[in-house]
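A.B. asks: Line by line, the protein sequences are chains R and B. Read in order, the letters of the first sequence are residues 1141 to 1331 in the working numbering. Read in order, the letters of the second sequence are residues 100 to 792 in the working numbering.
Since the hints were made in silico from the structure, they are not lab data. A portion of the hints provided could be inaccurate.
Said to hold, decoys possible - Below are the DSS-like pairs computed for lysine-lysine, each with C-alpha atoms no more than 27 Å apart in a straight line:
no., chain 1, residue 1, chain 2, residue 2
1, B, K162, R, K1174
2, R, K1173, B, K196
3, B, K295, R, K1305
4, B, K394, R, K1174
5, B, K502, R, K1174
6, B, K295, B, K790
7, B, K513, R, K1173
8, B, K265, R, K1173
9, B, K493, B, K610
10, B, K493, B, K650
11, R, K1305, B, K196
12, B, K728, B, K315
13, B, K602, B, K490
14, R, K1233, B, K650
15, B, K315, B, K282
16, B, K162, R, K1233
17, B, K602, R, K1174
18, R, K1174, B, K265
19, B, K274, R, K1305
20, B, K265, B, K244
21, B, K650, B, K583
22, B, K742, B, K353
23, R, K1305, B, K265
24, B, K530, R, K1174
25, R, K1174, B, K164
26, B, K164, R, K1234
27, R, K1173, B, K282
28, B, K443, B, K513
29, B, K274, R, K1174
30, B, K530, B, K583
31, B, K490, B, K650
32, B, K315, B, K742
33, R, K1233, B, K196
34, R, K1173, B, K353
35, B, K490, B, K502
36, R, K1173, B, K278
37, B, K353, R, K1234
38, B, K162, R, K1234
39, R, K1173, B, K244
40, B, K394, B, K651
Given the structure is predicted, the values throughout are model-derived calculations rather than measurements.
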Amino acid sequence: MTEYIVFAVSCILVNNILLAQFLGNCPFLGTSKKMETAIGMAMAVIFVLVMAGAITWATDIYILKRFDLEFLRTIAFILVIASLVQFVEMFLKKSIPALYTGLGIFLPLITTNCAVLGVCIINVQEEFTFVKALVSSFAYAAGFGLALVLFAGLRERILLARVPKPLQDTSIGLVTAGLIALAFFAFKGMA
Amino acid sequence: MVEAILLMLGLGAVCGSILSIASKVFYVYEDPRISQVEGSLAGANCGGCGFAGCSSAAEAVVKGKALPNVCIVAGSESAAAVAAIMGLDAGTAEPLKSTNTCEGGLRAADKYVYNGIDSCNALVNFYGGKRICTIGCLGLGDCIKACTFDAIHMGSNGFPVVDEDKCVGCGACQKACPKDIIKISTMSDKLLDFNKMDDALSPCAQTCPAEIDISKYISQIKFGDYAGAVSTIRERNPLLLSCGRVCPHPCETKCRRGIEDEPVSINQLKRFIADFEMNNGKRIPIKCAQPTGKKVAVIGGGPAGLSCAYFLRRLGHDVTIFDMMPKLGGMIRYGIPEYRLPKKVLEWEIEGILNLGIKTQMNVRLGTDFDIESLVASGYDSIFLGIGAWKDYKLGAEGENLKGCYTGIDFLTKFALNQQGDSPVPTVIGKKCAVIGGGNTAIDCVRTLKRLGAEEVYIVYRRTRKEMPANLVEIEAAEHEGIKFVFLAAPVKVHGDENGNVKQLEYITMKLGEPDASGRRRPVPVEGSETFIELDMIISAIGQGPDISFKKEGSRLADLTTTRWNTIGAVNPETLQSNIPYIFSAGDAYTGASLVVEAIGGGRRAARSIHLYLTGKEIEPVPNSLYKKYIPESIFKSVDGIKKNPRTPMPELPVEERIKSFEESDLVITEKDALNEANRCLTCCRICYNKDL
Ligand code: SF4
Ligand code: SF4
C-alpha cells in the first residue's frame, strides 16, 4: 500500500507530467485562463486518462506484445484513445447528460492531448502491472489537474496586474509556467 | 510489415465497429435543425462564440439560448441563413456590436482616490462601485482585458473606446463590465432605443423631442468627424436638413452652458453638418436590416410619416407612403415657405429617404381614393396614420366668408403648389392685408405676403407679444421686415363692400385677465373699444386640426377613437397604438399642430410599436422610460468653470434683400464658427461636463 502511495506522490509532484515532463502544454496554456475552465479540464483528464490507461495497457500486453509489434505503440494508442474518447462522449451524452454538458468541449479536446498519450506510453514502457498502471494514470492526471489549477489561479491574478504589453497573455503565461516548473523541481529532492 | 498493416487494419476495424454499434445503442434524438444550423456556421470550431465548438453553438441556437448571429467568423450571410432555418425575424440576424454608453470617466470632479487592484470588478466589490454618478464608467478597463479581439482600447480621456471594425460582438466585454455600461446591440436595437431613466444623457438630449444624442454629434464635429456627426443625428432624425432650418430648438433651453453663459447654438450646428453632407454631394450610406417580408402602409408623407417610414424601412419592413398631395413633405413642404426651407433642400432630403427603397403613391386621399379595407385587402400588415393637421379652425366672426378672406394653411398651400409648378392658379393678394393669429403659421403668412408685395401687412393677435406661440426668431424677423403688430385685439366682424369684398376688420381691444387652462393669461374684452382697420385681404391662422372626414359611417375607421380636437386617440401616449390594434399614429394627427421635431420623434416611436406588432411582440412602453421627463440629478442650478464666450449669431440675408424674393433668409454658419460653437459645448453627460477653463 505504502508503495502505491509513494508512487502516486512521485507521479503527482516529483514527476509531474506538466511541470517535470513538459507534456500537455497546449491545454495547459489554453484552458488555464479561468479557474472554472481549469477545473473542468482537470476533471475530464482524470476521467479519460484512467480509462485510457487501462485500455492501452491491455492493448499493449494482449495485442502489441503478443505479435511483437511494440513499434506500433504510438499510432495504435492514438487510434485507441481517440475511439475511446468518442465512445465515452456518446455514452455520456445518452446516460449522464449532465456530466456530458459539464465536460463540454474538454472531452473532445483530450483526443489531441499529448499528456494522455504520454502517460499511456510511460505505463507500458515501465512495464507496470495493471493496478500500477491504473494508479499511475490517476496520479499523473491528478498532477496535471493540480498544476493546471495552480496555474489558473496565478493567471487570474496576473490578469489584474500591470504586465508590459509585449509580455501580456501567453508570454507571461509561459514565463510563469517556467517558474512553477522550477519550484516543482524542488520535489526532486524527495525522490 | 504485413502483420503490422493487418494489425492496424484490424484495430481500426474493431474501433470502428464498436463506435458504430455505440452510435446506435447510445443514439440520442437530436433536433434536425441543429445539423442544419451547424451547416450554416463557419465550422472552425474556434469557440469564439463562447460555446464549445460549432455543434454546441448550433444546439444553443436551436434551444433559443443564442441568437442566429452567434458565429463570429461566418458573418451576416450565415446569420441570415440561420435566422431563416429558425423562422426568426431578420433583425436577430444582424451583427452585434459593442458600444460604450458612458463617455465620461475622468472628466467629472467626482473621481475618488483608489489604489487597489486594477479592475472595475474589484472596485465594485470593494467600494460598491461608488462614485457620484450612479452610472458612470469606472475606467479601469475590465472590458478591455476581456476582449480577445483587441477591439477596445483606452481612449485619451480615460474611458474605453470600441473599434467597430474589429468588434465581433462576442459580448465578453458586456459580461465583464460591472456597471452595465458596455452593451452589445444590433443596428435595429439602436434604432429602437429610447431615452431611459438610467441612461447616460446630457440635459439637451433629454429635451430633444427626437432624442438625438446631441453631445455626441457636437463632439464629433469638434474632432472633425463630420460624417460621424451626420450618422449620429440620422440614427434618430432622418430630416436633419429640414430640422436644422425650422426647428425652434427646445433643447437649447435646457443646455447646461445656458445656466452660466448662453446656450450652445445646437440647431445651427445641426444645420451646418446637414448642409455639409448635401453640399458635399456624397450621401453617407444608410444601412437597412434584412427584409422581413412585412408590409406597412404609411398614410401621410409629412415629417411624421417620413420618419416612421424611414425607421420601418431600416428595420427591414416593406413600406409604401400614401399622400394626397403631388409631392412628399406634408406641412414642411406646403406650410413652410420657401425662404425658410427651400424646396430643393427638402427634395434632396426626401430623395435620400426614398432611396432606401420606400415606395410612394401620390395624389391619393384616404377615404376617397382608398380606405383601410382596401389596404388590408392588399396585404398591408399594419397602418400608420400621419395625416397631419390640415384643417384651419374657423374664426367664428361674422363676415369671414367674404371675398378676400382666407385661412392660413389654405393660403400657404395654394401658394406653394403654384410656386412649385403643381398648380396653374396664381395667388392673388391684397394691398392691405391682416393675418389673425400669433403662431408660426400666422408669421409664415405675413412674411410670405410681404415677399409677394403687399404694401401693409398686419398681425392681429389677442394677447401680447410675450404670449405669442410663434418662435421668437420668426417674430423678430417679421418685425425687421416691417410687419405691423396689433396686440390685444380680437376680431369681431369683417365688413364688406357692396360687391362682397373685404373692406374693414372690426376688432375689440382686450386686456389680460387671470391665467387660463393653458397657463397663459386669458384676454378679456374692454367694453366700447371697437376699432376698424381698412383692409382688402384677411387671413385667419388661429390654429389647425386634423381633417378626419374619412371616418365615414360603416367603414372600419368609423370606430377609430378621436379626441374632441379631432386628433387621433392612442391607447397609450408612448406606444401610439390606436384602439384598432394595427393602426398607429403620430405627428400633428395625434398631437394637434406641433413642432416638426415632435412629429419626427413620434414617427420613430410609432415605428417601434409597429415593429413590435409585426414581430408578434407585446406592444408596451419602453421600460424605465424617460418620456418627456428629466433625470433629476442631471439638472443643475449652477455650473462652475465657465469662461464667458458669446454664442455664434445666425447669419441672415439683409432685410432689404430678403423681402424682395423667396431666397433662403437664414444662412448657414461657416466652418470656423461651427468649430468655435462646437467648442463651446461642455460635452455633458448626466452629471459630468468639461470645464471650459
Ligand atoms: S469583447 Fe466586446 S468589443 Fe471585444 S469583440 Fe467581443 S463584443 Fe466586441
Ligand atoms: S453644453 Fe453641450 S452637451 Fe451640455 S447641455 Fe449644452 S449642448 Fe448639451
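A.B. asks: A separate judgement is required for each hint: does it hold in the structure or not?
C.D. replies: Evaluated hints:
no.	hint	result
1	B:K162 <-> R:K1174	holds (26 Å)
2	R:K1173 <-> B:K196	holds (24 Å)
3	B:K295 <-> R:K1305	violated (39 Å)
4	B:K394 <-> R:K1174	violated (49 Å)
5	B:K502 <-> R:K1174	violated (86 Å)
6	B:K295 <-> B:K790	holds (26 Å)
7	B:K513 <-> R:K1173	violated (73 Å)
8	B:K265 <-> R:K1173	holds (22 Å)
9	B:K493 <-> B:K610	holds (23 Å)
10	B:K493 <-> B:K650	holds (21 Å)
11	R:K1305 <-> B:K196	holds (26 Å)
12	B:K728 <-> B:K315	holds (20 Å)
13	B:K602 <-> B:K490	holds (25 Å)
14	R:K1233 <-> B:K650	violated (63 Å)
15	B:K315 <-> B:K282	holds (17 Å)
16	B:K162 <-> R:K1233	holds (17 Å)
17	B:K602 <-> R:K1174	violated (90 Å)
18	R:K1174 <-> B:K265	holds (24 Å)
19	B:K274 <-> R:K1305	holds (23 Å)
20	B:K265 <-> B:K244	holds (15 Å)
21	B:K650 <-> B:K583	violated (41 Å)
22	B:K742 <-> B:K353	holds (19 Å)
23	R:K1305 <-> B:K265	holds (19 Å)
24	B:K530 <-> R:K1174	violated (85 Å)
25	R:K1174 <-> B:K164	holds (22 Å)
26	B:K164 <-> R:K1234	holds (21 Å)
27	R:K1173 <-> B:K282	holds (23 Å)
28	B:K443 <-> B:K513	holds (18 Å)
29	B:K274 <-> R:K1174	holds (14 Å)
30	B:K530 <-> B:K583	holds (14 Å)
31	B:K490 <-> B:K650	holds (15 Å)
32	B:K315 <-> B:K742	holds (22 Å)
33	R:K1233 <-> B:K196	violated (35 Å)
34	R:K1173 <-> B:K353	violated (49 Å)
35	B:K490 <-> B:K502	holds (19 Å)
36	R:K1173 <-> B:K278	holds (23 Å)
37	B:K353 <-> R:K1234	violated (64 Å)
38	B:K162 <-> R:K1234	holds (18 Å)
39	R:K1173 <-> B:K244	holds (12 Å)
40	B:K394 <-> B:K651	holds (25 Å)
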